[in-house]
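First to last, the protein sequences are chains A and B. Numbering that gives the first Met the number 0 numbers the first residue of the first sequence as 0 and each following residue consecutively. Numbering that gives the first Met the number 0 numbers the first residue of the second sequence as 0 and each following residue consecutively.
Everything labelled a hint here was simulated from the structure, so no lab data went into it. Where a beta carbon is used, it is the ideal one built from N, C-alpha and C, also for glycine. Hints are supplied without guarantee of correctness; some may be wrong.
To be verified - Straight-line Cα separation of at most 25 Å, PhoX-like style, residue types lysine-lysine; simulated pairs: (1) Lys122(B) / Lys8(B); (2) Lys352(A) / Lys8(B); (3) Lys8(B) / Lys139(B); (4) Lys354(A) / Lys32(B); (5) Lys2(B) / Lys32(B); (6) Lys169(B) / Lys2(B).
Stated by the list, open to error - Here are the computed distance ranges between Cβ atoms for each label pair: (7) Arg104(A) / His105(B): 36 to 46 Å; (8) Ser189(B) / Val185(A): 54 to 64 Å; (9) Glu345(A) / Glu166(B): 44 to 54 Å; (10) Asp9(B) / Lys352(A): 31 to 41 Å; (11) Glu345(A) / Gly145(B): 44 to 54 Å; (12) Arg245(A) / Ser238(B): 23 to 33 Å; (13) Arg109(A) / Arg48(B): 20 to 30 Å.
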Amino acid sequence: MPGMLPPYLDPTPWLPLTRTATSADVSRALHAAQPGEVEFATLLSPAAGAQLEALAIRARELTRRHFGQTLTLYIPLYLSDYCSGGCVYCGFAADRPQSRRRLERDEMMREMDALKAMGFEEVLLLTGERTPQADLGYLRDAVAEAAQRFSAVTIEAFPMASEEYRVLAEAGAIGVTIYQETYEPVQYEQMHRWGPKRDYDNRLGAPARVLEGGMRTVGMGTLLGLSDPRFDSLCLYRHAMQLRRRYWQSGVSLSFPRVCPQEGGYSPPFPVDDRTLAQIIFAFRICMPDVPLVLSTREAPDFRDGMAGVGINKMSIASRTTVGGYQGAIESPDGQFHVNDDRDIETFCAMLKGKGLEPVFKNWDKVYRE
Amino acid sequence: MKKFHLGGKDFESRLIMGTGKFSSVEVMIEAIKASGAELVTVALRRFNRERPADDLLGPLTRLGITLVPNTSGARNAAEAVRAAQLGRELSGSPFVKVEIHPNPHHLMPDPIETYEACRELAKDGFIVLPYMPADPVLAKRLEDVGCAAVMPLGSAIGTGQGLSTAEMVKLIIADSGIPVIVDAGLRAPSEAAAAMEMGCSAVLVNSAIAAAGNPPAMAAAFSAAVKAGFSARVAGLMSRCDHAVATSPLTSFLAGA
Numbered sequence: 000m001p002g003m004l005p006p007y008l009d010p011t012p013w014l015p016l017t018r019t020a021t022s023a024d025v026s027r028a029l030h031a032a033q034p035g036e037v038e039f040a041t042l043l044s045p046a047a048g049a050q051l052e053a054l055a056i057r058a059r060e061l062t063r064r065h066f067g068q069t070l071t072l073y074i075p076l077y078l079s080d081y082c083s084g085g086c087v088y089c090g091f092a093a094d095r096p097q098s099r100r101r102l103e104r105d106e107m108m109r110e111m112d113a114l115k116a117m118g119f120e121e122v123l124l125l126t127g128e129r130t131p132q133a134d135l136g137y138l139r140d141a142v143a144e145a146a147q148r149f150s151a152v153t154i155e156a157f158p159m160a161s162e163e164y165r166v167l168a169e170a171g172a173i174g175v176t177i178y179q180e181t182y183e184p185v186q187y188e189q190m191h192r193w194g195p196k197r198d199y200d201n202r203l204g205a206p207a208r209v210l211e212g213g214m215r216t217v218g219m220g221t222l223l224g225l226s227d228p229r230f231d232s233l234c235l236y237r238h239a240m241q242l243r244r245r246y247w248q249s250g251v252s253l254s255f256p257r258v259c260p261q262e263g264g265y266s267p268p269f270p271v272d273d274r275t276l277a278q279i280i281f282a283f284r285i286c287m288p289d290v291p292l293v294l295s296t297r298e299a300p301d302f303r304d305g306m307a308g309v310g311i312n313k314m315s316i317a318s319r320t321t322v323g324g325y326q327g328a329i330e331s332p333d334g335q336f337h338v339n340d341d342r343d344i345e346t347f348c349a350m351l352k353g354k355g356l357e358p359v360f361k362n363w364d365k366v367y368r369e
Numbered sequence: 000m001k002k003f004h005l006g007g008k009d010f011e012s013r014l015i016m017g018t019g020k021f022s023s024v025e026v027m028i029e030a031i032k033a034s035g036a037e038l039v040t041v042a043l044r045r046f047n048r049e050r051p052a053d054d055l056l057g058p059l060t061r062l063g064i065t066l067v068p069n070t071s072g073a074r075n076a077a078e079a080v081r082a083a084q085l086g087r088e089l090s091g092s093p094f095v096k097v098e099i100h101p102n103p104h105h106l107m108p109d110p111i112e113t114y115e116a117c118r119e120l121a122k123d124g125f126i127v128l129p130y131m132p133a134d135p136v137l138a139k140r141l142e143d144v145g146c147a148a149v150m151p152l153g154s155a156i157g158t159g160q161g162l163s164t165a166e167m168v169k170l171i172i173a174d175s176g177i178p179v180i181v182d183a184g185l186r187a188p189s190e191a192a193a194a195m196e197m198g199c200s201a202v203l204v205n206s207a208i209a210a211a212g213n214p215p216a217m218a219a220a221f222s223a224a225v226k227a228g229f230s231a232r233v234a235g236l237m238s239r240c241d242h243a244v245a246t247s248p249l250t251s252f253l254a255g256a
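Just chain A, same shape as in the assembly (with noise of 0.2 Å):
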């Protein structure tokens, strides 16, 4: 039985403005003083997408208001791509025919102190699905050698319990990153054959778990090219909103991760191509002015370059997606993702720079922790 998309979520009364919308509906929509769902579907209708240049603008405008002319930088760290997943689209899944590791207490504090030595102040701590070798335990014991280091502690590993999830922030995490995938009950099941990660409504309900078990920020997305872009992004817009609402002294930031086309072996069934992607983040942009917006290596440098500053207020850099990878592990085609760019951090920051923001690594500090 697929999941169930439950009415809070919902998009259908919004759906149809994703396509009927008029280019007077959009021009009205980017500057609405309090926009809401009508708004945030209009933006994603093709109206909106023949006026791109215009909402470009707007997203940089509020970008600006809200962030400043900086963008602030993080770096992944993968601990573990021991999975019990079956994602047909995931480079970790548990029936990829590779070999499987973990870091071992030395290597973690090795490759944490060479993330330290390249600046970095917020590190993401990554795993798969909840296994045996990668548990509960382990990210605790990751997060407590992390906090050592790192002003910022962040987590994107598996589902778990709200008391989990406070032994990972009395640990020293400060939010925890859970992507839906997909809000589509029908296409997520389809998606994810096997492994706990079938279970649909445990994911959903994990953002607020995150939230209730003290975490200060939570991080959403859908990995774009799974289902119907405009439905998971307006399911994404209610339930951050429903999220900020119910937990107020609590962040929200949104990732834009997207299966990119013809690449690791998997067609995802909905491509998003640059335009439709930059569309989405200029959307959430003008509809959430001040919640965080982060987009990964996993895209090209002249699509990040491009969004820097105008939408996007934060971005990871110099990233490995193998586990071992700051190591001098090779970046194997077994890595989750690929990375599409690949640029140092002197390069990024000069490109940065160049567009007139600073970059930022260290915009927390430890003292906020309990």
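Chain B: place on chain A using the hints.
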């Protein structure tokens, strides 16, 4: 111009600057110099002792201005107190701007936690400057616990909506025994002048300068506006009248008029 007395020190400038959102440290420094600001606030979370290129404390220290570390990022009084203590230790400045905004989206200050943190920090010898909602009662309560000034918001941080709280700020000024500094929300130098004309002792500006086309030039414009507004206040503005005043008064027929 009458000096601005705050926390036992005298300042020439009544413009306080924030340091977030600038496109580079160099632009920030140029803007501070152009503003003539002697008091500059900086978020503790932007102190980075380990990477000088990413650090705001070092370059500001070299400017020879008075630093006001702020607790931006704190969600409650306990976090703000810890941040203030670390800020004092690292910067050597007894000033602290208490910023407690639990909602990370609109960044509105929490009145209850702000009050608790200020009470504790004032006892601990800090020169406490609380960023606060424009609430006249809270302003008096903060004065009572020993704050050196109160900093009501003009409008939400970074929004450029101007002095949307003007009526409340006037009430705060009317009752206050300590300096009132409008902090946050200003967009144009004319709004800073209006705040000074109203009777504010100083204004704090950040986004309006950092997001300007030419930040140093905008900093200079704010500096001039603050001076003009303060001079106008001292000079004494004529009172407002909502009807024209006749040149032949109605009472001219009265004896002795």
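Next on the checklist: Let me make sure I understand: some of the numbered hints might not hold for this structure. Which ones are they, in numerical order?
Outcome noted: 2, 12
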